[in-house]
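Single-letter residue listing:
There are 2 protein chains.
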Amino acid sequence: MTTSKNNVLIIGTGGVGTIVAYGIHVAGKANLSVVVRRDYQRVSKEGYKINSVDYGEIKGWKPDHVYSSVEKASESKQVFQFVIITTKNIPDVMKPEELAAPVITPGVTTVVLIQNGFDLGKPFIKKFPNNYCLSGVSHIGSHNHDGVIEHTGHDKEVIGYFDNPNFTKEQQKAKSEELIALLANEKNTIVYFNDAKWWRYRKLVYNATLNTVCALTGLDVARLEFSGVLEKVSVPAMKEIVAIAKADGCELPDGIVNEIAHCESGYFFEPSMLVDVKKGNPIELEVILGNVLNVAKELKVETPTLSLVYELLKGVQYKLKEGQGLITVPKTYVSNDTHYSNV
Amino acid sequence: MTTSKNNVLIIGTGGVGTIVAYGIHVAGKANLSVVVRRDYQRVSKEGYKINSVDYGEIKGWKPDHVYSSVEKASESKQVFQFVIITTKNIPDVMKPEELAAPVITPGVTTVVLIQNGFDLGKPFIKKFPNNYCLSGVSHIGSHNHDGVIEHTGHDKEVIGYFDNPNFTKEQQKAKSEELIALLANEKNTIVYFNDAKWWRYRKLVYNATLNTVCALTGLDVARLEFSGVLEKVSVPAMKEIVAIAKADGCELPDGIVNEIAHCESGYFFEPSMLVDVKKGNPIELEVILGNVLNVAKELKVETPTLSLVYELLKGVQYKLKEGQGLITVPKTYVSNDTHYSNV
Numbered sequence: 077m078t079t080s081k082n083n084v085l086i087i088g089t090g091g092v093g094t095i096v097a098y099g100i101h102v103a104g105k106a107n108l109s110v111v112v113r114r115d116y117q118r119v120s121k122e123g124y125k126i127n128s129v130d131y132g133e134i135k136g137w138k139p140d141h142v143y144s145s146v147e148k149a150s151e152s153k154q155v156f157q158f159v160i161i162t163t164k165n166i167p168d169v170m171k172p173e174e175l176a177a178p179v180i181t182p183g184v185t186t187v188v189l190i191q192n193g194f195d196l197g198k199p200f201i202k203k204f205p206n207n208y209c210l211s212g213v214s215h216i217g218s219h220n221h222d223g224v225i226e227h228t229g230h231d232k233e234v235i236g237y238f239d240n241p242n243f244t245k246e247q248q249k250a251k252s253e254e255l256i257a258l259l260a261n262e263k264n265t266i267v268y269f270n271d272a273k274w275w276r277y278r279k280l281v282y283n284a285t286l287n288t289v290c291a292l293t294g295l296d297v298a299r300l301e302f303s304g305v306l307e308k309v310s311v312p313a314m315k316e317i318v319a320i321a322k323a324d325g326c327e328l329p330d331g332i333v334n335e336i337a338h339c340e341s342g343y344f345f346e347p348s349m350l351v352d353v354k355k356g357n358p359i360e361l362e363v364i365l366g367n368v369l370n371v372a373k374e375l376k377v378e379t380p381t382l383s384l385v386y387e388l389l390k391g392v393q394y395k396l397k398e399g400q401g402l403i404t405v406p407k408t409y410v411s412n413d414t415h416y417s418n419v
Numbered sequence: 077m078t079t080s081k082n083n084v085l086i087i088g089t090g091g092v093g094t095i096v097a098y099g100i101h102v103a104g105k106a107n108l109s110v111v112v113r114r115d116y117q118r119v120s121k122e123g124y125k126i127n128s129v130d131y132g133e134i135k136g137w138k139p140d141h142v143y144s145s146v147e148k149a150s151e152s153k154q155v156f157q158f159v160i161i162t163t164k165n166i167p168d169v170m171k172p173e174e175l176a177a178p179v180i181t182p183g184v185t186t187v188v189l190i191q192n193g194f195d196l197g198k199p200f201i202k203k204f205p206n207n208y209c210l211s212g213v214s215h216i217g218s219h220n221h222d223g224v225i226e227h228t229g230h231d232k233e234v235i236g237y238f239d240n241p242n243f244t245k246e247q248q249k250a251k252s253e254e255l256i257a258l259l260a261n262e263k264n265t266i267v268y269f270n271d272a273k274w275w276r277y278r279k280l281v282y283n284a285t286l287n288t289v290c291a292l293t294g295l296d297v298a299r300l301e302f303s304g305v306l307e308k309v310s311v312p313a314m315k316e317i318v319a320i321a322k323a324d325g326c327e328l329p330d331g332i333v334n335e336i337a338h339c340e341s342g343y344f345f346e347p348s349m350l351v352d353v354k355k356g357n358p359i360e361l362e363v364i365l366g367n368v369l370n371v372a373k374e375l376k377v378e379t380p381t382l383s384l385v386y387e388l389l390k391g392v393q394y395k396l397k398e399g400q401g402l403i404t405v406p407k408t409y410v411s412n413d414t415h416y417s418n419v
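Residue numbers (this note's numbering), protein chains in the order written: chain A, 77 to 419; chain B, 77 to 419.
One chain only, chain A, in its complex shape:
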């Protein structure tokens, strides 16, 4: 039995990524590297500061290797058995499969996407057909507040795989369990779920409908219900997600719409996309809404509510990208000469 540890690289150590990293450290079965961009100077000198509901107060902890960019991690010449991506997934700003490409060894590296959204594996499997692509759905509560990780909700991760037809289901399940062995320790809860697609559809019932509509209206989930928008917009949108899932072979349980519509009861909660809009950050629009609408189109499922929310949020995204200098708005406005017919 070999004692050599797996080389694991985590890209993005915000609220989720840092706790995943620390969990791996506690499990003690990996040689751990992280890519930290914005906070590189501080983390590489002083380590992380974490107030964790699972691990207590942690000061000055450093992974084995800290890199300021994916390119720097690549220059280390390590071969990574696992690359875990926990950044926001905004392919219209930066495609994660291109971001991670320098540290992915074809046929060797298993890619793990612990990110929001739907159908995230597709571009990776297309670009790296001989690599496993695993799915992590995080149910953690954890945020980076000015460099301090405030971990307030227990770390639960649901692991599965984005189906790659070049591997058998058994191989992909075995690879998922290999990952779980690296992540799991006595404090966190890391579980395997056989149908990542089903699980992500389930999460979309919330994310594609409450998260998006809160972002568009500026309302938290309580005000969304008080104002009537939950009932008039989000609930019809939820039913569309349920219909797409069903057409795609994923039967969601009876009562899911009612359950999700009221899951935040008691909290004036601001979902992540609303938080991003308020901070002026681009939103995860394509993975939370665009990808599932592509599936709906292929399967010919009608999505009047989701499609319109998507088109409106594309306008919001345009403004957010402009604010970040990611696009340049023309200085003069000459309306194009498209002719719209009257009917």
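Derived from the structure by calculation, the hints contain no laboratory data.
Each residue gets a CB set at the ideal place from its N, CA and C atoms; glycine is no exception.
Hints are not guaranteed to be accurate.
[Claimed, not checked] Here are some, though not all, of the chain A residues that point toward chain B, as calculated from beta-carbon distances under 8 Å:
no., residue
1, 292
2, 293
3, 294
4, 295
5, 302
6, 304
7, 305
8, 308
9, 326
10, 377
11, 381
12, 384
13, 388
14, 390
15, 391
[Claimed, not checked] Mimicking DMTMM-like on lysine to aspartate or glutamate, the simulated pairs with C-alpha atoms at most 20 Å apart in a straight line are:
no., chain 1, residue 1, chain 2, residue 2
16, B, 138, B, 122
17, B, 407, A, 254
18, B, 395, A, 346
Place chain B on chain A using the hints.
Only chain B this time, still in chain A's reference frame:
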């Protein structure tokens, strides 16, 4: 021939109302009163300051009477032949027919609504069935900047009537011309248009579709086109307005959608509803969108785009009203137990 002048009261002297008032003063055929709320102290002492494209620079002009409220105007015991309302029309905050009721003498006062929106006459005609209710659509460019009226776009008003079945068309046309005689002078352009409903449908092609969607996305009209939202949301919405108008007997001209979609070409223009959202003011949602959707429902015209934009903007309106202290949000959030079925 009697020399006694008509008593005219204008409620609301912002950008539009002040120029309407000054135009009446120049025409010289009325005993002119105004209700000024926010700026009462200044206007009653110092008069108006106006920089006008039509009338030049005006300082210290005062109408014959200045009142701080409708109630104060009512206490003057004047009988008003005409009451002209130029305030924003936000019936979910303040019903204009209730606001104006103290100065409307049944069977005598002609009500003139120089306001945005559709079907504005209905509540007045219901409450005052023996009074004329006239329509003014303003095509002016004029704004109140910190108490100075900056009048930059020529004053053009299109006058007609909201059809009251208790009067003949000839009577209502004659009353409209009576109003025009009071308003018109050598500098402004006051025209009669026979079909106020048609004219307001025409204006809705812009207001219900560009104004609303800019307010919802935060985009000006140029960015609305650049981002694709104009084509994907506003244009389908325009086609719905055209369809409602047609079902309601108002045939809008071929090419109207294309014309309105590109009418702002060259300008990074922020429509009024977006300006209101940015200022935190409640929006004219009901008169610009709610009223026409009621008509669509009666006439069984499908309005998937407009209806969803309306429901989303109700959420925005909720937040705006909360910001102005007009509603109180419950301190605790216990989600109601509505049961939404899955399909």
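Results of checking the hints against the structure:
no.: 1; hint: 292; result: holds (6 Å)
no.: 2; hint: 293; result: holds (4 Å)
no.: 3; hint: 294; result: holds (6 Å)
no.: 4; hint: 295; result: holds (5 Å)
no.: 5; hint: 302; result: holds (6 Å)
no.: 6; hint: 304; result: holds (6 Å)
no.: 7; hint: 305; result: holds (4 Å)
no.: 8; hint: 308; result: holds (4 Å)
no.: 9; hint: 326; result: violated (13 Å)
no.: 10; hint: 377; result: violated (12 Å)
no.: 11; hint: 381; result: holds (6 Å)
no.: 12; hint: 384; result: holds (5 Å)
no.: 13; hint: 388; result: holds (6 Å)
no.: 14; hint: 390; result: holds (6 Å)
no.: 15; hint: 391; result: holds (4 Å)
no.: 16; hint: B:138 - B:122; result: holds (8 Å)
no.: 17; hint: B:407 - A:254; result: violated (47 Å)
no.: 18; hint: B:395 - A:346; result: holds (14 Å)
Of the numbered hints given earlier, the model fails hints 9, 10 and 17; all others are met.
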